[in-house]
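Colleague: Read top to bottom, the protein sequences are chains U and P. Quick note on numbering: the first sequence equals residues 1 to 114 in this note's numbering. Quick note on numbering: the second sequence equals residues 1 to 114 in this note's numbering.
Don't take each hint at face value.
Straight line, CA to CA, 25 angstroms or less: simulated PhoX-like cross-link-like pairs of lysine-lysine [unchecked claim]:
| id | chain 1 | residue 1 | chain 2 | residue 2 |
| --- | --- | --- | --- | --- |
| 1 | U | 31 | P | 101 |
| 2 | P | 101 | P | 113 |
| 3 | P | 68 | P | 58 |
| 4 | P | 69 | U | 57 |
| 5 | U | 18 | U | 57 |
| 6 | P | 58 | P | 101 |
Derived list of chain P stretches under chain U, where covered just means 3 residues or more per stretch with a C-beta under 8 angstroms from a C-beta of chain U [what the hints assert, rightly or not]:
| id | stretch |
| --- | --- |
| 7 | 37–51 |
| 8 | 106–114 |
In short, the hints are calculated from the structure, not lab data. Quick caveat, the model's predicted, so the values are computed rather than measured. Ideal placement from N, C-alpha and C gives every residue a C-beta, glycine not left out.
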Amino acid sequence: EADIYQTPRYLVIGTGKKITLECSQTMGHDKMYWYQQDPGMELHLIHYSYGVNSTEKGDLSSESTVSRIRTEHFPLTLESARPSHTSQYLCASSEWTGGSYEQYFGPGTRLTVT
Amino acid sequence: AQSVTQLGSHVSVSEGALVLLRCNYSSSVPPYLFWYVQYPNQGLQLLLKYTSAATLVKGINGFEAEFKKSETSFHLTKPSAHMSDAAEYFCAVNLYNQGGKLIFGQGTELSVKP
Chain U
1 EADIYQTPRY LVIGTGKKIT LECSQTMGHD KMYWYQQDPG MELHLIHYSY
51 GVNSTEKGDL SSESTVSRIR TEHFPLTLES ARPSHTSQYL CASSEWTGGS
101 YEQYFGPGTR LTVT
Chain P
1 AQSVTQLGSH VSVSEGALVL LRCNYSSSVP PYLFWYVQYP NQGLQLLLKY
51 TSAATLVKGI NGFEAEFKKS ETSFHLTKPS AHMSDAAEYF CAVNLYNQGG
101 KLIFGQGTEL SVKP
């Protein structure tokens, strides 16, 4: 079954640690995205990729970095976590269907930095 | 620049009552418009989308939305609310030349009272 996966679902980590949030999709989509969502707030695009070796920063400035070495994999890394990074991170991929791009979302990773 | 405004961060209705969630957009070119639903601790699920094919769009779970260019609106409705409709709802806009990137509204939390 085609799907988009994120691991871990929940992560509590101390300040200064390096973390990588994993995102994988089995749908073969070229376009992938990372959003940051604070509780009760809208989603903000922080990174996107239009294909292998293509990554761009989104509308919201973020200290995180991403890579796209394989089509199906789009991990997000924080070199040194801080409490201000506490948030939910949602990964998505999209395809052109029915006259527009449609985005499919993973379940999210809820990150808490203590 | 395009933007999305959702009027009302929280809407409460009784079971069986009409659901109306408001969304207004700002765009200099015809947009693609989407409604997503997010249940607690989950990712976003597409409810419906507008791509200029028809102004009244029907989606999943009995929801529908009408695109009104004169009012720059794309309000989401459901004739009769169910308890299972309680969730966060997001309106989003995408332009044809933005490669699938979405801009989200602030979200509306729907509560359904028995």
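Colleague: Hint by hint, which ones does this structure get wrong, listed from lowest number up?
Modeller: 2 and 4
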